[in-house]
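Participant: Below, each chain spelled out in residue letters.
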Amino acid sequence: MPATYEPIATTTLGSATKSITFSSIASSWTDLRIVLVGTIQTAADYIEITFNGSTTGYSWTRMSGDGSAAASGRITSNTKWVPNFPLAGSTTVPMLITTDIFSYAGSTFKTGLMETSADLNGSGLVIRGVGLWQNTAAITSVKLEVQTYNFNTGTTATLYGIKNA
Amino acid sequence: MPSTYTLISSNVLTGSAASVTFSAIPSTYTDLVLRISARTARAAVVDRIQVNVNSLTTAIYSMRGLLGDGSTASSNSDSAQTFANFVYTNGNTTTSNTFSTTELYLPNYAGSTNKVMSVVGATEDNATANYEYAGAHLIGTTSAISSITLTGLVSSFVSGSSFYLYGIKNS
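Protein chains in written order, with numbering that gives the first Met the number 0: chain A, 0 to 164; chain B, 0 to 170.
Honestly, the hints are just simulated from the structure, not real lab data. Please note: incorrect hints may appear among the correct ones.
Here are the simulated lysine-lysine pairs, DSSO-like style, with alpha carbons at most 27 Å apart [what the hints assert, rightly or not]: (1) 17(A) to 162(A); (2) 168(B) to 162(A); (3) 162(A) to 142(A); (4) 168(B) to 142(A); (5) 168(B) to 17(A).
Predicted model, so just to flag it, every value in this text is computed and none were measured.
Chain B with its partners taken away, still in its complex shape:
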């Protein structure tokens, strides 16, 4: 039986990188899952990962988010943005050797409707404020997603950051 949950590609950084791109994504799966463990060089507790699909940088990205920082729950939103925003990651003032945990789920990524993306994740630190977050994203493209680019919003990803792209088939 063909595999349902298949690793398409991975990238574990051995040096810093401003961005990571998965390209030539085949359209043979039903959904995509991107699992990220990352940290950037930003001199702060938190940075964000900017997500673009198919190199699209027009104002087609929007989101609703839910955020908890250990004392307060809040919600944020964004619309008409040039990238999928508010995907949080560890900055460089968090505990050393500590990376965020994030999963992006893109159902029906090769279909002909606008694309939905679900995000869940947490920045990790045994000290100051950290975030547990969930996001509902809409990407206004009806094209099949064939590439995904992840960019540190403020600073580059550091060595040890890892990115795994999986394809899921529903039959």
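So that you can see chain A by itself, here it is in the shape it has in the complex:
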């Protein structure tokens, strides 16, 4: 029986690194899931997601909770998705970001679901967002990049492929 939920690639950083790229993604699955667990060099930094080297056509709507207030916002006509916006992250406490990209190899615009979980024991954020990439090309590469500084050593990112049959 073919695998339904299959790891395509995984990276665990042996040194501080600005970006992680999954490339040459085959079109043989239905959906993609990215699981990122790690820390960043400075807590005040954004993690950006782009596809196929493109920096156009990104938008997303998100809601967030900081423990006292819920908030919602939308970014349009952007150069990337930013799953940890508003700022969520730590230099020492691991943060979890999962991103699901549906029908990534299809010929329609691409949609995604982003979940960021960053409780820092007294502060932090929980963020849930939906994203749109207005591009009809199949996704063949995904880049996760820290906007200003780096992911810390030990940060792990895994790309999974999910088949619907």
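Here the structure of chain A is known, so what remains is to put chain B in place on it, guided by the hints.
Facilitator: Showing chain B alone in chain A's frame:
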């Protein structure tokens, strides 16, 4: 090719139970996923599931949550608690035969850093207030997680509640 997403253990209750424990969890996976469909005997719309790992009941659990009840969005938090809190489930005054839906995701559960847990779920009821919620949890233990205990905060789980533990390998 070895399976990536594997059912480790399941428990479907045929009677009431105060708690459900998954023990002897092997360290051979990368992440854990726990899928819950539950209801407790609490005479209210909502109850909560108390989550403990490795039988740890010291003040090492904290969280940030996001909650929607159909009219209002809110956020809550907790710190220095003795269990992972605010994992909601149906209480016994919701529509009969109706159970909550919850997923707990624990990445790198066997690693040597503090543990992160993501929670998403909803209580279900075709009547009064219900919750859609998301939680970011931190568990201050650097030990590999080898057991997970789920306990109804106020009342016992009822028959029909189900709990499925999966392991995910990243290679």
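Participant: Give a verdict on every hint.
Facilitator: For each hint, the structure was consulted:
1. 17(A) to 162(A): Cα-Cα ~31 Å, so violated.
2. 168(B) to 162(A): holds, 16 Å
3. 162(A) to 142(A): Holds: residue 162(A) and residue 142(A) sit about 22 Å apart, inside 27 Å.
4. 168(B) to 142(A): Answer holds: residue 168(B) to residue 142(A) is near 22 Å, not above 27 Å.
5. 168(B) to 17(A): Given pair residue 168(B), residue 17(A) holds - Cα atoms ~25 Å apart, limit 27 Å.
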